[in-house]
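Enquirer: Chain by chain, the residues run as shown.
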Amino acid sequence: MTALNRPHAGSSARPRRRRTRRPWLSALLVGAVMLFLFAPLIVVVAFSFNSIPRMSLPLAGLSLQWYQGLLEDPEVRQALTRSLIAAVVTALIAGPLGVLAALGLRALSERLRTIVLGAMLLPIVVPGLLLAVALAIYWNGLLGQRYSLSVAIAGHVLLALPFVILTMNAAVSSFRFSLLDAARDLGAGPWQAFRDILFPLIRPAVEGAALLAAAISLDEFIVTLFVGGRDTTLPVLMWGRVQRSVDPSLNALATTLLAATTILALLAARRTTVKL
Amino acid sequence: MSEPRPQTGAPAFSIQGVTRRFGDVLAVDDLWLDIHEGEFFSLLGPSGCGKTTTLRMLAGFETPDEGTIALRGRDVTETPPNRRDTNLVFQHYELFPHMTVFQNVAYGLRLRRVREPELTARVREALRIVRADELADRGARQLSGGQQQRVALARAIVNQPAVLLLDEPLSALDVKLRKQMQLELKAIQHQLGTTFVYVTHDQEEALLLSDRIGIMSRGRLLQVATPRQLYDHPADGFVADFVGSLNVFDGRVAEIRDGIATIFPGAVATADGGPTPRLAVTAGALTVGDGVRVAVRPERVWVAPADQAAAEPDGALLSGTVSTVNYLGAVTQITVAVPGVPPVLIQKTSDGRLTGIDDGVRVRIGWAPDAAFVLPRDGT
Chain A
1 MTALNRPHAG SSARPRRRRT RRPWLSALLV GAVMLFLFAP LIVVVAFSFN
51 SIPRMSLPLA GLSLQWYQGL LEDPEVRQAL TRSLIAAVVT ALIAGPLGVL
101 AALGLRALSE RLRTIVLGAM LLPIVVPGLL LAVALAIYWN GLLGQRYSLS
151 VAIAGHVLLA LPFVILTMNA AVSSFRFSLL DAARDLGAGP WQAFRDILFP
201 LIRPAVEGAA LLAAAISLDE FIVTLFVGGR DTTLPVLMWG RVQRSVDPSL
251 NALATTLLAA TTILALLAAR RTTVKL
Chain B
277 MSEPRPQTGA PAFSIQGVTR RFGDVLAVDD LWLDIHEGEF FSLLGPSGCG
327 KTTTLRMLAG FETPDEGTIA LRGRDVTETP PNRRDTNLVF QHYELFPHMT
377 VFQNVAYGLR LRRVREPELT ARVREALRIV RADELADRGA RQLSGGQQQR
427 VALARAIVNQ PAVLLLDEPL SALDVKLRKQ MQLELKAIQH QLGTTFVYVT
477 HDQEEALLLS DRIGIMSRGR LLQVATPRQL YDHPADGFVA DFVGSLNVFD
527 GRVAEIRDGI ATIFPGAVAT ADGGPTPRLA VTAGALTVGD GVRVAVRPER
577 VWVAPADQAA AEPDGALLSG TVSTVNYLGA VTQITVAVPG VPPVLIQKTS
627 DGRLTGIDDG VRVRIGWAPD AAFVLPRDGT
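Chains A and B, in that order, are what the protein sequence lines are.
Going by our numbering, the first sequence opens with residue 1, and the numbers climb by one from there.
Going by our numbering, the second sequence opens with residue 277, and the numbers climb by one from there.
Think of the hints as simulated: they come from the structure by calculation, not from any bench.
Beta carbons are placed, not taken as given, at the ideal position from N, Cα and C, and that holds for glycine.
Heads up, a few of these hints could be off.
Residues from chain B shown here face chain A by an in silico Cβ test under 8 Å; the list is partial [stated by the list, open to error]: (1) Ala335; (2) Asn358; (3) Glu370; (4) Leu395; (5) Phe514.
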């Protein structure tokens, strides 16, 4: 910043603002933010491998006993099964629905498409609590369904669909539709053209969108709590246990969930152009 | 292996009164046209003239608002592209990027349930015809523009369509490659004997390749003729101007003798004491006193320095000043300013006869009466 640091500072030349010579300062700032973001997660992950139940640093030793405990806990196994069912079913419903929605959007005029797409993305900004209450009223109050995992899955699909549609819309928009003309010209009916040309070319995006839907379903809490009834999923189970006491098995449970959603999100991001 | 040739003399395509609108725009306006079996037919015109829309109607991607289209005598007006015995070579090729060259070419045959070993044999044969046999195992994404063009052609001809449709297939190639592919296309068409319908805006390409050319402008078919007829006897000023360059003069018939009309240009100016400027054309149906528009091709006009000129007695004769001389290699283009008429463009083989023709030189120009032709006066 001083004149001494300016190598060719002629009297007429305006002093150029130098980039900071203190990389340690930026490193410190970035580090502080990272610490703030990740400290709670790191603590949870670290303690999940602790060999004693007491949560204090440093760790007493490494062990997998808490994970072992989870596997032997019938409540956890049941909740895990439900969570996996919900994730798979959500992916299988939201994925194809998203493809259909994105293809349907193409048939609309530019103006109408923007409006309809905006409406489809609305659940992203609607507060989760409000959606949960609305789903409860709709399924239970209006349609008379008992609260269950099925109703919760309907909610998961609703929550995942905007992200799936966003992903698929990007993939479909960059697809070269004249390729379908070429297929038609060579003798393919509309279905054959879809099966042989369109689907193989947008398939990575479809997979990515489905994985994203699975990730969203896996750690969904509010809607499941409201309309899941007694069909407890992993997040709801964790919530129940935190209410009672913070015991070390929670760390293992949380770490498991964290790993699963992170892996799903990474796999999804590799397949799609919309990075999250 | 291929379908039987039509037993009757039905044209490959018979287009009857076809009209296609996009909103308020008449893309194709009351088109009547027969395309003969085995011919190389080109639709030629500037962009937006309706030629591509016409081709897309032949392929089945557009449906006419009015009129009918028959393929080998069978009405296909409403038939979707996958049920027509035509194949289209797209302007941007549209190769399937997730398939190899072989899979691209085989796709149409697979849809038709052609089995091995016939499948492989036909794909190899098609690739050989377009001289792309060594590309079979390449991915479609790994091809150069010229290679894509060959594969796109192979993918179409492998199906042995009744008519092959080509939508400006060479327009994305560089000049040298385009010239080479033109010759190959012509050879392939000759070898296969398939009817080709070719859309282009390149008049040289159309003249070189076609047995017959249809000229389109603003949705209308202006003239259908062989390349030579089109060049020598254009139906109107648009056709004449689009197929090659043209000099156009307005005037009035002053005299008719021995079937040759002598015409004085609109504004007669005998400024420099030279001969009276006169135009000449084969008289045909003209009578003395007619207002007439005379046209002549740049290469049919002679030019000579004013003091050396020796005009034919009944030919055209004008005096002027050379304004530009452009040397283009094999030919030289000369523009001559003549008082009272538009600048005259002349094109000559670059040789010794052009000695002394330089900027600013006073010259005589003219042409033999049968070198010129009469255009309708309302022509563009």
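Enquirer: Decide, hint by hint, whether the structure agrees.
Expert: The hints, checked one at a time:
no. : hint   : verdict
1   : Ala335 : holds (6 Å)
2   : Asn358 : holds (5 Å)
3   : Glu370 : holds (4 Å)
4   : Leu395 : violated (14 Å)
5   : Phe514 : violated (31 Å)
Against the hints set out earlier in the document, violations occur for numbers 4 and 5.
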